[in-house]
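Protein chains in written order, with our numbering: chain A, 1 to 503; chain B, 504 to 1114.
Bear in mind the hints are in silico, worked out from the structure with no lab data behind them.
None of the hints are false.
Partial chain B-side listing against chain A, Cβ under 7 Å, derived:
no., residue
1, 531
2, 580
3, 698
4, 1055
5, 1066
The C-beta atom is built at its ideal place from N, Cα and C for all residues, glycine as well.
Residues per chain are reported as follows:
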Amino acid sequence: MLSALIWIPILGALIVGLLPGSIADKNVRRVAIVTISIALVVSLYVVTQFDTITTGLQFQEDLPWLEPLGLTYRLGLDGLSLPLIVLNCFLTLIALFSTSVTVHRPRLYYSLVLVINAAVAGAFLAHNLLLFFLFYELELIPLYLLIAIWGGARRGYASTKFLIYTAVSGILILIAFLGLTWLSGATSFEYNPALSQTLPLTSQFILLGAILIGFGIKIPLFPLHTWLPDAHVEASTPISVLLAGVLLKLGTYGLLRFGLQLFPQAWAVLAPYLAIWAVVSVLFGAFTAIAQTDMKKMVAYSSVGHMGFILLAAAAATPLSLLGCVFQMVSHGLISALLFALVGVVYAKTGTRDITILKGLLTPERGLPIVGSLMILGVMASAGIPGMVGFISEFLIFRGSFTVFPVQTLLSMIGTGLTAVYFLLLVNRTFFGRLPDQFANLPDVSWSERVPSLIVAALIVLLGLQPSWLVHWTETTTTAMLSDYSTIATPIEFDPISVLPLE
Amino acid sequence: MQQFLIESSWWIPCYGLLGAVLTLPWSIGIIRRTGPRPAAYLNVLTTVLALLHGTALFTTVWGQEPQHFAFHWLQAADLDLTFSLELSSISVGAVELITGLSLCAQVFALGYLEKDWALARFFGLMGFFEGAMSGLVISDSLFLTYALLEMLTLSTYLLVGFWYAQPLVVTAARDAFLTKRVGDVLLLMGVVALSAMSGSLDFPGLYDWAEKAELSPTVAALLGLALISGPIGKCAQFPLHLWLDEAMEGPNPASILRNSVVVGCGAYVLIKLQPIISLSPVASTALVTLGTMTAIGASLVSLAQIDIKRALSHSTSAYLGLVFIAVGIGWTDFAYILLFAHAIAKALLFMSTGSIIMTTSCQDITEMGGLWSKMPATTTAFLTGCAGLVGLFPLGGFWALQRGINDFWYDEPWLIVVILAVNALTALSLTRVYRLVFMGEVQPKTRRAPEVPWLMAVPMVSLSVFTLTVPLILNTLNVIPDFEFFNWSAAGLLIMSGITGTALGFAITLNYAWIRPIQAPLRFFQDLLAYDFYVDRLYRVSVVLIVNAIAHFSSWFDHYIVDGVVNFVGLASIFSGETLKYSSSGRSQAYMLTILLVVGLLGALLTWSMW
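From just these sequences and the hints, can you work out the full model?
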């Protein structure tokens, strides 16, 4: 069942790539869309079959592969991967829909997108360290090509930067995995949380450090983030949607799965510093976003800020904050996908993303009123206005982290306030005001361009009103993650860096 | 029947939201044939439904113990978010007030915005507004209250930004959202902290917790200050008061609600939070201090405004300042009565203002004059509103303010001075506006000034009549004291202050040529008040400048330091490669020598410990 999620897109990629040239580009696109739709249906079927009470892995698949290397094909699913798997298929579909019908070299393009989908699904499902690494690297090359071929003017710079950064991240993660396995004397790369406890604390720190920097690049966290704005600015709209919506989640997923779960002891000691790092990242992302004039850069920096919340919650490691992590991953995926899709429409219609030039786009008839309304919804969701999924995830994170790191949580909350500042500037400058003459004859927005955003927006509101649907799938797993964590992490006492005098 | 009404009470806020959703086909342009009017009618209909439902509920809960109704929304780990509703005569009465005023404002808007192409959007937002407010007053959970406050922030932003093509509107909407958002984020900090400390976010649970809580003074003070900052933003109190004045750029029917019930909602939340705020004397003192500053300051500022709506909106801030004082001292009944009387009178004043603006297409009171004979209904409404607002016996404002003076009589006599001053200054300001707009010479803009159409006149006249019946309602609610216990000196002082203000208002010379006085000292004071003590400029050179500076610094840091290092590493590697390539000379002796040297060095390093 889980293999289907990986191999259906791969198969689709092969078919799309090898389709004869006589077949119209339109049909190539259709094949890709059908492939991902099947994958989405399968993932939804998995959701219905998922047992919410069991704490362990479900739908396990275990095939021997390269036994001497310790590499097995071991897949499994729990409440942490489940929402991300669905999100992956859903956002890939959205990305395909928001791809222009007349994209160049469609066969290569669509097959690369399908490979990314497969690789990400594989990474979320893999329960062998080496297998995870393989999938993690597999996603890198197609994305490099997608930026380098279909990107903007400085695509060479941006894609190379992305490639080098992510390759370094991959190397660090591999180092950590190898170190963990070899130092603990394990024979295979099975995912085993108990492994690290045999190690002295110093080696745990070094390995966790490698994991943190490796995934910190992917998330991205300050100061490892500089590849992200460049990659977003140069990537085409659907690729930005994928990058922000799904690929960044690999980083946070890795942080939880391979940081918190594999190195609980070291994690518990480092947690206060991680929380401070999170605060720095949140505030840096938010402040830098205020000064941006490119809409895509602004959204990219907002990602830096919002992903910092996840580090904060992961550092706090309370049942509620971990739930908040998963929530924030889903909500950030949806919201940033929506924002990038809308920015893409604005760019396609006006030819610019500069908020000092754009003005008055909300004007009906001649402007982009529906895109503008959706943009307002998107930025409000991002700023954490209740009724949308951004609010509940932030509330869970803050409420969950407050008991452990009160000061850091309060400082991070300033970040939400600042989110309102920069996104309000964006909306006010680009959509309010009088439509200048240079934009008086904008091309019409077709419904096919609006529908992806409309669907994402509907989902944002729906999950905002009914968060318990998501909680239902995840809660058991996050609680179980923590019961392991707390039994391992408690023996080490550490002085809290900052504690509000609560009593 | 009673049980059914209580269990269906959650429908009341939904009517407004439903109305808002129903306008979507018209506001996004799916239905164009009919024009936007059906959307407006649908909204009026849902508001009427909400009003009827509220009335039925009110008759049920009247005189009863508060009824509670709850449903679980989200349960996760140790967090239990419950939407609980409290149905008491006060909360359902507030719903009645909100839906009633919303109905009036919506009918008024049908006339006021008759020619506006975005009528459907406006009614959608009004429905949203009404839904959020009526949910807020019956909410019994701090979480729900917070969520609805944020929705009010959002809908205020959208309503102020309704005519988004005008530059002033754009900045007004931005300021409205950001100032309220500052308060909301601080409130959220308080909510998160409270939730973590008390474990419950229902008001009864919080009250229980507050009775037993033993907090250190610092924590209590921080908590209290965080909790009051949300209402400070909502009620336009110093230092988050700038938005209300700017928000007057929005359409007038929305201003009717904003100045009466929306600010009231902020104060309502404050009253609900009072037992927790009173844990800390610092927060209570802050409430009284800020309330006093705003009450006096805003009353003075309203004297120098030439925009008719702004003059009134500053007096809203002033009255809400009195409410803050009342909550700070702990006299919540005074706060409730004042909110009630103020809401009705202010709504009426804003309706008559709307009529004036509609007829003259102008908001500048220095360009008006002589309207009293041309617009009798509007004049009557304005005068009734004034009478209901200031302490004029026997209308609502009198009983409210009299109650306040009575409450503070023994414990806090200096606050009586504040109340009297606000009353006198309000009377003075209203008299000034009245003289400039309705009396005096007819000016070009007021020459052709017919009375407004019936869609605007009907709600205005009905609300005038209603304002006159406020004392009867207060009597039914048993808040008017018996004559034996009546504090005659308080009443006397109050009436005297009102008369003084009015007399001053009539005595000052309102020379049109003198709008900018020539005398430097007078001019200085006028500018100081007209520009709201220059607070916005102060913010521009403080908060805004600091945030901007940090933003540009971090952007610079990102671009030149973080990214610079990365690019430098890249450049360095390319450069070193480019340089090193010249070392491949092709001479094998040189290669051999290099290999020998390096291997030797390596060997030396590896065997270092053995030496």
